[in-house]
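Asker: For the record, the sequence lines run as chains B and H. Each residue of the first sequence is one higher than the one before, starting from 1 at the first, in our numbering. Each residue of the second sequence is one higher than the one before, starting from 1 at the first, in our numbering.
Just to be clear, a hint being listed does not mean it is correct.
[What the hints assert, rightly or not] Here are the simulated SDA-like pairs of lysine to any residue, each with C-alpha atoms no more than 20 Å apart in a straight line:
#	chain 1	residue 1	chain 2	residue 2
1	B	Lys94	H	Ser24
2	B	Lys124	H	Thr6
3	B	Lys124	B	Leu231
4	B	Lys94	H	Phe50
5	B	Lys124	H	Gly32
6	B	Lys124	B	Gly45
7	B	Lys94	B	Val221
8	B	Lys94	H	Ala47
9	B	Lys124	H	Ile56
10	B	Lys94	H	Asp11
11	B	Lys94	H	Gly32
12	B	Lys94	H	Val29
13	B	Lys94	H	Arg54
14	B	Lys124	B	Ala49
15	B	Lys124	H	Phe50
16	B	Lys94	H	Leu12
[Claimed, not checked] Cβ pair distances, simulated, as ranges:
#	chain 1	residue 1	chain 2	residue 2	range
17	B	Ala48	H	Ser35	26 to 32 Å
18	H	Ser31	B	Arg232	34 to 40 Å
19	H	Ser31	B	Ala162	48 to 54 Å
20	H	Arg16	B	Pro203	54 to 60 Å
21	B	Gly92	H	Leu12	20 to 26 Å
22	B	Asp204	H	Ala20	49 to 55 Å
Hints were generated in silico from the structure; no laboratory data involved. Heads up, the beta-carbon is just placed ideally off N, CA and C, and yes, glycines get one too.
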Amino acid sequence: MSWTIFAPAFLTAAVEWVEAFTIVLAVSLTIGWRAALGAAATALGTLAALTAATGGVLQLGVGIEWMQFLIGVFLLLFGVRWLAKAIARRAGLKALRDEDEEFATTQARLSSGDGRAAWLIAYKGVLLEGLEVWLVVVALSIGGAGWVSSVSGALAALVMVALAGAYLRSPLSRVPENTIKFGVGAMIVSFGTFWSLEAIGGPDIWPMADWSLIGLVAFYVIGGLVLSTALRPRILRGVAT
Amino acid sequence: MKAFLTTLFGDLRNCRVVAALLASEAAMVHSGLTSEAAFAVPLLTLAGIFWLARPIR
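Looking at chain H on its own, in the form it has when it is part of the complex (with noise of 0.2 Å):
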């Protein structure tokens, strides 16, 4: 089941850094700054993926 559900979501890192990009999407849409988001999110997701990529300390 552990296997599984690590298929489906990843680590806690993973799940984190994918829940904070939809509350910055959500944020965004909903302040009214819709086009910068097509900009800004891009940029936060590579931002998340450098967080993954880099060695846990």
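Bound-form chain B, shown alone (with noise of 0.2 Å):
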């Protein structure tokens, strides 16, 4: 077990359960836990399936190169997006994520519809924020080293979610989320930049080796706090005006 690889595929894994697990609830409320829950497993289900063919693809002995590459990319894409919301948020341009007020919305929207469409909200809801578990599963996995260690982190935050859940019966809004997806959010874009350089650049390219992706993670943690701070001003200085 690789504890640098489960890490950031728990703290990942936390915060998407934790969005899915506020969908579930609200449904649960207008179709009932049974049927939402039904929803939920077929979503987890679509979900296994899919890791499980990228697995098998990646066992292929496909061009470890090209995986790094696309693996890479697909990490910046999810990577920059996550940091920047973060930092902007941390600056105070971007309200922070309410699971109580997403509880609230997905209620609202259900009140309106039928049984099959608030089926399809949970099925859906945990698809989208699971495919993003998944990213990062497969994306920690590469070579097929990792495997064990990110599948075990994306499914020790979904029992520990579930259970909390279950626990607690709320939206679990206490987690406090911005912080988990400021500190991944670095984590993500310094394994994308580490991968997507190397496999175009070669082995040799980083002054380290993988002890640069130590530096990375540094680098853009103290990056993100600099930004986040350089930004706030700005909105006073807007109000001020």
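Could you use the hints to bring the two separately framed chains together as a complex?
Answerer: Structure, rendered in structure tokens:
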């Protein structure tokens, strides 16, 4: 088990599962727990099939540099978005995501719909949130080496969120989502930068080889904090004028 | 379908940033600036993140 792979997979998955749980909880109040959990289980089954299929492709011996490039691009697409949003939220440019509000919005949408529509909302919600987990699980499993660690991280997060949700029976709004997204965003961008450049420039492009990843994470965390501070006075100036 | 594509790729601004980063990586590597690329690419990525995080005017 590699903890350096388990940790980012666990944290990313935890954030996404909280969002998915909020949607399932809202749907369950309309169509009942059994139907809502059925929709969630169907979506999780789709994701499991997707993960197994991708894992099979990874084991087929597709050129590692091509896999690195493809996964690196997806991680950059995913990571820059997460980190930019987390920085904007830290700077006060964007409202913090509120799971209570998400819960209320989903419930309001459901009140005018039928049971089938509610089932589809739970299915789509879990599938779309889970797709981001799938991306990270696949990316961290590159070459097949970290497969067990990344899948374990995502599953451990799922169990933790399901247990916490069942116990608390609330949308888990106390989870410090933006802080987690900030840290995970920095990690994901680091992996994306590392793999995309290594795929284009060859294995010797990073001066400290794999250790460069630690430097990249530190760089993006510090850079992100500086950017969120730099962006903050802009709105204050905007308010004053 | 739109929600699926947005989940995978983000919006157009997001795609532009990543496309520009990949183009910069390829340009630096092909012009022989491989040792500089390891330092320039993270800086360019952070600049792209800044562009995405700032408010749209």
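Asker: Of all the hints numbered above, which does this structure not satisfy? Sort the numbers upward.
Answerer: As far as the earlier hints go, 1, 3, 5, 9, 11, 12, 15, 17, 20, 22 are violated by this structure, in ascending order.
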